[in-house]
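Engineer: This is what each chain is made of:
Number of protein chains: 2
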Amino acid sequence: MYYIGIDLGGTNIAVGVVNEEGRILAETSTPTLASRPYQELVRDMADCAHKAMQQAGVTEDQIDSIGIGIPGIADKNGVVVFCTNLGWHNVPIRAEIQQYINKPVYIDNDATVAGWAEYHAGVSRNTNSSVFLTLGTGLGSGIVINGKIWAGGHGAGGELGHLVIEVDGVPCTCGKRGCAERYCSATAIIRMAREACADAPNCAIMRAVNGDMDKINAKIVFDAAKEGDTVAMQVFNRFIKYLTIVINNVISSFDPDMIILGGGVSRAGDFLLDAVKAALPQYLFYPTLKQPELRIASLGNDAGIIGAALLGKE
Amino acid sequence: MYYIGIDLGGTNIAVGVVNEEGRILAETSTPTLASRPYQELVRDMADCAHKAMQQAGVTEDQIDSIGIGIPGIADKNGVVVFCTNLGWHNVPIRAEIQQYINKPVYIDNDATVAGWAEYHAGVSRNTNSSVFLTLGTGLGSGIVINGKIWAGGHGAGGELGHLVIEVDGVPCTCGKRGCAERYCSATAIIRMAREACADAPNCAIMRAVNGDMDKINAKIVFDAAKEGDTVAMQVFNRFIKYLTIVINNVISSFDPDMIILGGGVSRAGDFLLDAVKAALPQYLFYPTLKQPELRIASLGNDAGIIGAALLGKE
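Just so you know, the protein sequences line up as chains A and B, in that order. By my numbering, the letter at position 129 of the first sequence is numbered 129, and the numbering carries on one by one without gaps. By my numbering, the letter at position 303 of the second sequence is numbered 303, and the numbering carries on one by one without gaps.
These are computed hints drawn from the structure, not numbers from a lab. On a predicted model such as this, the values are computed, not experimentally measured, just so you know.
Calculated cross-link-like contacts (lysine-lysine; reagent style DSSO-like; alpha-carbon spacing at most 30 Å): (1) A/Lys103 <-> B/Lys290; (2) A/Lys148 <-> B/Lys148; (3) A/Lys241 <-> A/Lys226; (4) B/Lys290 <-> A/Lys148; (5) A/Lys241 <-> B/Lys241; (6) B/Lys76 <-> A/Lys290.
Chain A on its own, in the form it takes in the complex (with noise of 0.2 Å):
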């Protein structure tokens, strides 16, 4: 058999049909257009869709099901309950979707997707427990317990991006204080680097974006501290004490076999492993027991598409 995978994103819908393996036989892409009515948006993902089976010789009886990462969350009746950035609250996509193709539909959250695709293809295929954390704008998360995905009871679970880690903290886009995402995205980087900045106008970051600081991204931060710039390191070694709370808070809650880095700011490789591994052991409660095994993510951007199709093989 084979699958559907949609990875649904603020910018551009990708969907993929893929096989047992998780491996990714041909695949389509289409603009979200985010501000237009949901049935139109459906039916772009629907018309991708056939054309990516047609491009990888697929018939629709060889289609087991279809499955979409969403960046919100979905209930058990494929309604997408929440999902932000599309402006999306109770939209009916299983429905909408088996209008134009009659298969099973598994929705689940980008991140939760993504930890799912690593697990079955990637770089955490012979975990038992695994937690993938996205680290981009913001900062997303899906965990995997005894080989089955765990999203909650009722489909709030694995947002760890919203534990709050300093109380009455940074005020966080969910109405909370202190969330984890604020101390731990891309979207974090930036904003320590530019209070950094504003009191260092000659610093290495400043030089890399002309003195502008709305270019600051995350890329020209870590570059900066590699090449050993004071600015750029306190601003990176800060993101790594936050990151590694993070995971401290993810060992004493879920102790995965491993740990799996991904999203934009995971593209720093050994930069950021080597650093999170060096800070790790004066944040650990149990420091001397053994630890899950850090990794950076292996599929990329495939993971969302790859993730979203093997929903159908739990």
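Given the coordinates of chain A, work out where chain B should sit on it, guided by the hints.
Structural biologist: Just chain B, lined up with the frame of chain A:
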């Protein structure tokens, strides 16, 4: 079949014979006398178990297994890796007790065991997932997911008292700073009350202890808060805020069907529960989603024996 449950505390060892339904048929206990060699302590455990079997009219042939709840963690070989308040490191409890009673021996953390008891025979009986929080000297937790105990891949999971909720916060006995149990425990209530009373020598708390701050305990603070004393209310509300943030963190990570409050502080019952329920919406990531049911533990001190005994049922 019957099960032997051993609740190994810092002060007392309580041992019971438990039936399939999680009912204690007979119970004995003996002082722990923690400073003596573990061999003596284990011999007393075995003596208590034999006495309890005799009282219950149960023979060794009818015993399925022995379970032990410890204030620490054990590995899969029945070795207690850490048990701080007994001063134990790598103590081979399973092998030692099997010299006296040759049955399978299961060992787990005391809070994990109490959560397991509530799942089998208590308030969370009909749930699929639950998180049990013991509000005592520290903050312990016991996690059940898909009807199974989840203590992590290396036994370090389910230690929610050591999630950091305040970066660089109050120093913790574990060596880190800002751990949840520094803010959510009887110890935390006492610390916060002493701080508040230093500036309010005539408050109801100080009157209740005749000005002796060493006599402040959680019950005195809660009783004064119930009477409407301003200082006690401030301490109580501060505690409720922290507890509610911890509960948000439990929801954003595990989102279980039920969250159970146990331990000494939970004896405040509805006074505690109503305050948490009132505060919770402002601390949730998804306040409009269905939330875990919040309940007070139902088994009290028996949870230690019952949960330990029923480890053999997993």
